[in-house]
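**Q** Protein chains in written order, with numbering that gives the first Met the number 0: chain A, 0 to 360; chain B, 0 to 360; chain C, 0 to 353; chain D, 0 to 353.
Keep in mind the hints are simulated off the structure, nothing from the lab. Check the hints yourself; a few may be wrong.
As the list claims (entries may be wrong) - Straight line, CA to CA, 20 Å or less: simulated EDC-like cross-link-like pairs of lysine to aspartate or glutamate: (1) A:K149 to C:E78; (2) B:K244 to A:E199; (3) B:K242 to B:E217; (4) D:K30 to D:E78; (5) D:K72 to A:D270; (6) A:K149 to C:D48; (7) C:K72 to B:E199; (8) B:K147 to D:D48; (9) B:K242 to B:E151; (10) B:K352 to B:E325; (11) D:K72 to A:E199; (12) A:K244 to C:E78; (13) B:K82 to B:E151; (14) B:K82 to B:E238; (15) D:K280 to D:D231; (16) C:K280 to C:D311; (17) B:K149 to D:E78; (18) B:K352 to C:E78.
To be verified - Computed, partial: chain D to chain C, Cβ under 7 Å: (19) A46; (20) F115; (21) A116; (22) R127; (23) G294; (24) L309; (25) A344.
To be verified - Pair ranges (Cβ atoms, derived): (26) A:A303 to D:Q207: 53 to 61 Å; (27) A:D180 to C:R47: 58 to 66 Å; (28) C:R47 to A:P23: 55 to 63 Å; (29) B:Q300 to A:D243: 57 to 65 Å; (30) A:L274 to D:Q207: 52 to 60 Å.
Backbone N, C-alpha and C fix where the C-beta goes; we use that ideal spot for every residue, glycine too.
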Amino acid sequence: MRGRQQFSIRLLQYLDPQGKLDLPLPEWTSNTILLLAIYENMVLARLLDQKAIALQRTGQMGTYPSILGQEAISVCIGLAMAKHDVLVPYYRDTPAQIIRGISLAEIFMYWGGDERGGNLNTASRDLPTCVPIATQLTQAAGVAVALKIKGEDSVVVTTCGDGATSKGDFMEALNLAGVWDLPIVFVINNNRWAISVPLEQQTRAATLAQKAIAAGIEGIQVDGNDPIAVYDAIHQAIERARKDKQPTLIEALSYRLSDHTTADDASRYRDADELKAHWQEEPILRFQQFLHQQGLWNAGQEKALQQQCLQVVDTAVDEYLSVDAEPATAIIDYLHAFLPYTLEPQRVGLQGKEASALRGD
Amino acid sequence: MRGRQQFSIRLLQYLDPQGKLDLPLPEWTSNTILLLAIYENMVLARLLDQKAIALQRTGQMGTYPSILGQEAISVCIGLAMAKHDVLVPYYRDTPAQIIRGISLAEIFMYWGGDERGGNLNTASRDLPTCVPIATQLTQAAGVAVALKIKGEDSVVVTTCGDGATSKGDFMEALNLAGVWDLPIVFVINNNRWAISVPLEQQTRAATLAQKAIAAGIEGIQVDGNDPIAVYDAIHQAIERARKDKQPTLIEALSYRLSDHTTADDASRYRDADELKAHWQEEPILRFQQFLHQQGLWNAGQEKALQQQCLQVVDTAVDEYLSVDAEPATAIIDYLHAFLPYTLEPQRVGLQGKEASALRGD
Amino acid sequence: MTSNLSANDTPKVDPLKPADSSTATREGMTKCVLVEAINLALHHEMARDPTVVILGEDVATNGGVFRATLDLKQAFGSERVLDTPLAEGLIAGLSVGMATQGLKPVAEIQFMGFMFAALEQIICHAARMRNRTRGRLTCPLVVRMPFGGGIHAPEHHSESTEALLAHIPGLRVVIPSSATRAYGLLLAAIRDPDPVIFLEPKRIYRAQTQHICDDGQALPLDTCFTLREGEDITLVSWGALISECTQVVDQLSAQGIAVELIDVATVSPIDMNTILQSVAKTGRCVIAHEAPKTGGIGGEIAAQLAEYALLDLEAPVLRVGGYDTVMPYAKKEALYLPSAADIKAAIERVLAFG
Amino acid sequence: MTSNLSANDTPKVDPLKPADSSTATREGMTKCVLVEAINLALHHEMARDPTVVILGEDVATNGGVFRATLDLKQAFGSERVLDTPLAEGLIAGLSVGMATQGLKPVAEIQFMGFMFAALEQIICHAARMRNRTRGRLTCPLVVRMPFGGGIHAPEHHSESTEALLAHIPGLRVVIPSSATRAYGLLLAAIRDPDPVIFLEPKRIYRAQTQHICDDGQALPLDTCFTLREGEDITLVSWGALISECTQVVDQLSAQGIAVELIDVATVSPIDMNTILQSVAKTGRCVIAHEAPKTGGIGGEIAAQLAEYALLDLEAPVLRVGGYDTVMPYAKKEALYLPSAADIKAAIERVLAFG
Ligand SMILES: Cc1ncc(C[n+]2csc(CCOP(=O)(O)OP(=O)(O)O)c2C)c(N)n1
Ligand SMILES: Cc1ncc(C[n+]2csc(CCOP(=O)(O)OP(=O)(O)O)c2C)c(N)n1
Ligand SMILES: [Mg+2]
Ligand SMILES: [Mg+2]
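Just chain A, with the same shape it has in the complex (with noise of 0.2 Å):
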């Protein structure tokens, strides 16, 4: 009874910062398709970003978290995943969702305020976005749970920031994902913030992917800024998960180069010299210096695409907008499938309050 318990972890990055092989390609980059609907997924997302902290600053929006930087993550998540995969997200999640078939309206209703936003019917069974810290996590657990109860080979994809990884649930899903032999992938978008808080102080573990180590699980770094790396590392998890039914944690390690939500004043705690360097390392770039050097982009088309992408969203705008207000009863309605005796006289009430909806906006 003696012995010593040997783990390591690995960083996967295949593109450097100028977009330069560091490693050679994985045979399903042969999929130009593919590689190029990273690319549209990601330059869409990021004006989609750009509308919605327009919208906020006129005061057409509620508080936005911004995904500036970290597109490469959400759009990898949601390429790799198949259509019966579930999708248990976070609040930066937005690329996924887009891919997954839900309309950037609802997108802008759920973060202008308007609970429909929520209702993704488009996503099946996805979860809706998620606002308390880490606890969708366990949730995934809950559904990969059910996946594997009704014999089912889709898996879940959950996600989380580096500030998330502090909270006990995290751990709690973690370990659960291990010892039920789950089918569920963890990532860990690692924007180096949380709100004011840098990573060295929310911990003191040198990578969070060792988190996994704790679990009994698998666990591995990669470059969140290098589309290759990280979808490379989500598909392979994916498909430990749906083969094997086994959990994997990624850490995706990016950097968020906005502000924390349109509420927040990044430069209040953040060195701007910091930020700088990392604007050095954002995705898009870097993605689109790779696909010139793979002869897959030109200018003609990155201008084609961004005039494309506008009036997409310029679309989703107008629907966002023009869409009727929900009837005031509607805060009752949804509450339970059979509405309680008790609350028909507020749900009445409510419908003389009708006008007065109007007060909040």
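Start from chain A and add chains B, C and D with the ligands according to the hints.
**A** Relative to the frame of chain A, chains B, C and D with the ligands by itself:
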């Protein structure tokens, strides 16, 4: 930006199950008084345990959690700590509490359903027994923060069971201890069961010590039935905490030879052979054999010790059984430093109820 | 005058909630105490509905520390009866996730005193999933928890904090007070398409045997049960205290005082119509619960009386509750818990008024 | 008739709680909005008492997402102003541990909607440590949380769940409704030797400027503040709604109706004497709060009126509360929150009664 992080966890054992030496003895073992103190306290703990169960079986005590077979861990904690250190125990730490000056009668009172058993006024600032699993661990971190802020060179020792490592608080406390460089030692009493749930259903991690890796702190496994290994590891961890303000996680491998508590019947879920096998590894006989081999112990000493311990326990039982009932108003008197005036009528009502207090006895 | 309802104390069924037309056939009567009735209901529903899944600490191999889930693992396998790691937040989060995907998790929190780590999931997610997704995803889960004092258990094992849950929109909170009602209400809770907290008065887990017909008939939720009819005063309670209340009603009945005894049963939402109708008749009301009096559910009921029945009230509404202090340990718990004498004294004070 | 209290709305001080005899000298008046008054009190108390320590998410470098802890790190160093990792249960557990060792932690939970993970520590430990150790260890901590709706924030940022905390024996729950009271009550909360939950109505964080004398004078806890005296009806409220209530009182005053406006301030324990005395005078009462009406603290107050003031009541006690549903998102929050018109309508109904 590539590479691989390496981690390892080692297991420490000096005495094999027959009390034979596996490794050369560490230097501190030349302190024979300490060696004998370890033994004597283990024997006292076991006799106390037997008595508590007997009291419960005869209706003179409430539900009680036995520590049968796990005495080495808590005894070594008690002996390795300095008086001015702070113990934040869980409910199987009676032996450490006794060493730290808490009277046996108080311990009986606590499990007998009398709040005065949590007063522990001899324990100055140790925290009381903690029932909600794992909640003591973040409190222990808070105690360590306080010691650090106050500039003391005291350290905190806190404990939990193997089941407790699945609860989020466990990881939250570990993570904080790492990132804030706290003078704290976490000891897991891994008795392989959490009521009816065996360790294999609690986690897939090969060791519980490796949970330290998730927090970026030092973790080590020890044979928890080998008092030399346990004391050695705790002693060193306390020194690290004191000198370097560095936390350690110690997983002490032991076995719950008893039912979970007097309210439990382990034969419902646990194999008799497994239990039998673990009786071969229990710490008291093992250590007795070691002391014999070292020429430090003989049958006469054993007999005297048994008698002395029995007497201590019996005296405590007498004290426990003869203590006056607390006045009825005590259920309100310790709620606040200053009783809100709204509670005064309730307090007055209680004075009248003095007699009926006996109803529940 | 006091009159008993029918033997198995089934109330008039709420027209809003027609009795479930289960396909199970009548299988004769079973003698059950309350906790066995819960076990019977779980067996029934797991057999009837393959989406029902049990999870919690010690629920599978051990059958639950109170044996509420006895033999379910043997009957339905370890895929549908799951011993979880020790983490209440996890149990609740898993249940939410499972419920959104078409399963019906019935989770056990071993004691109500350990529910706090589960509240974030229950309050922020279970209670909101239907509303948040405008009906796309739902959370048909049940969280069972033994609660209340009186079994001489250690710290944290004896609290009654139902008022915390009852204040949360989107949750139903149900408390049976007999084996029969435990069986029927638990079936209803599992079949309800929304989250239901099912609080089990462990003090009376084995107090009384009833004959139960395991026919899968659910009792209605959102409905008070009038256990005794009477014209002189209304006594409102729930859970284990119904035993003391029944004693008191019997004692007073012998003295010619007719107490109408109402078991609230679903403490959220509360069927106030039944209570208001009763008070309209009796003009007097006492409410009894184990939880600390201040901020307890008794306050909500009394407040609604003050709002909707002021002119009916011939006397102040008295509440008999626990003291506003931490639940004492075993030696003093009887002192803390409202007794039959306390309830009787309150009734007598109210009757003597004016 | 309506009469104002003194300009800085300090009430008659409760004799049970003599004003704190701080050694700080008068330093002139500072113009403050509510959140600045909180910041001022924190600065004052950290300077006065070296055992006060601030902890929470984003409280140090960033000064809190609402700037309540602005510049404290600069003034008192990073050992006494601590940015914690992201875990509310941890923040609460740390605070309990620190408090038992002679520190006075003032923890911030960023929004009340994220308090649930902290409840296990607050309810099972903070509220019980003194009782559990029969006075040996104590828990003099403060947990500050912004709460309530009206700032168009995302989901989970606008709830009012004070009733959950108010039902827990051993906790004090305090809610200021002006800058002056925020300053004085926060000082009192920090100086209190027991745990205090301090809920900050964020909708009025910057609503109104008051002149505050930073003299370290605490206001009494466990005491209602009578903000307007009047004989016709008693209006009871707390937190941000006090603004709407004040508007209504002024409107009605112009119509010759004298409303007595009571700010409960400490919602647990509630100073019912002040409320009962007022209702004894006015015979009528309306209670207004943002939380869902059912199971809210308004129910407890109304219940006590039904118990102790039944004969004084000339009309039913009406409660104006939020709907019994999940707090809606920004677009509908104004619909959810009680408005001045709602409060006025309730008062008019009560006045019209009988
Ligand atoms: C339980 C909980 N606590 C606090 C918050 C407030 N809050 C929102 S985002 C955030 C930081 C999250 O950081 P991280 O997990 O790194 O994600 P990021 O926003 O950086 O993507 C905090 C503290 C919350 N939403 N939920
Ligand atoms: C939060 C919480 N959940 C559940 C329980 C009930 N309970 C008491 S002990 C126990 C098992 C603990 O197992 P472990 O941590 O291994 O400690 P051991 O008792 O084996 O020493 C459980 C589930 C509790 N006390 N607290
Ligand atoms: Mg982050
Ligand atoms: Mg164990």
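**Q** Taking the least C-beta to C-beta distance, is A46 (chain D) closer than 7 Å to chain C?
**A** violated (35 Å)
**Q** Is K244 (chain B) close enough to E199 (chain A), meaning Cα to Cα at most 20 Å?
**A** Cα-Cα ~18 Å, so holds.
**Q** Mind checking the hinted window 57 to 65 Å against the Cβ distance between Q300 (chain B) and D243 (chain A)?
**A** With a Cβ separation near 58 Å, Q300 (chain B) and D243 (chain A) satisfy 57 to 65 Å, so the hint holds.
**Q** Given the hinted pair K352 (chain B) and E325 (chain B), is their Cα-Cα distance within 20 Å?
**A** Given that 20 Å is the threshold and the Cα spacing comes to 12 Å, the pair holds.
**Q** What's the verdict on K147 (chain B) and D48 (chain D), does the C-alpha distance respect the 20 Å limit or exceed it?
**A** holds (18 Å)
**Q** Given the hint that K242 (chain B) pairs with E217 (chain B), test it: the Cα-Cα distance must not exceed 20 Å.
**A** Holds, at about 15 Å.
**Q** Hinted pair, alpha-carbon criterion (20 Å max): K82 (chain B), E151 (chain B). Please report holds or violated.
**A** Cα-Cα ~13 Å, so holds.
**Q** Check the hint pairing K30 (chain D) with E78 (chain D) against an upper bound of 20 Å on the C-alpha distance.
**A** Violated, at roughly 29 Å.
**Q** Between K242 (chain B) and E151 (chain B), is the straight-line Cα distance small enough, at 20 Å or below?
**A** holds (11 Å)
**Q** Holds or violated: K280 (chain C) and D311 (chain C), Cα atoms, limit 20 Å.
**A** Measuring from Cα to Cα gives roughly 8 Å; hence the hint holds.
**Q** Check the hint pairing K244 (chain A) with E78 (chain C) against an upper bound of 20 Å on the C-alpha distance.
**A** holds (15 Å)
**Q** Does the Cβ pair D180 (chain A), R47 (chain C) satisfy 58 to 66 Å?
**A** violated (29 Å)
Hints 4, 18, 19, 25, 27, 30 from the list above are not met by this structure, while the remaining hints are.
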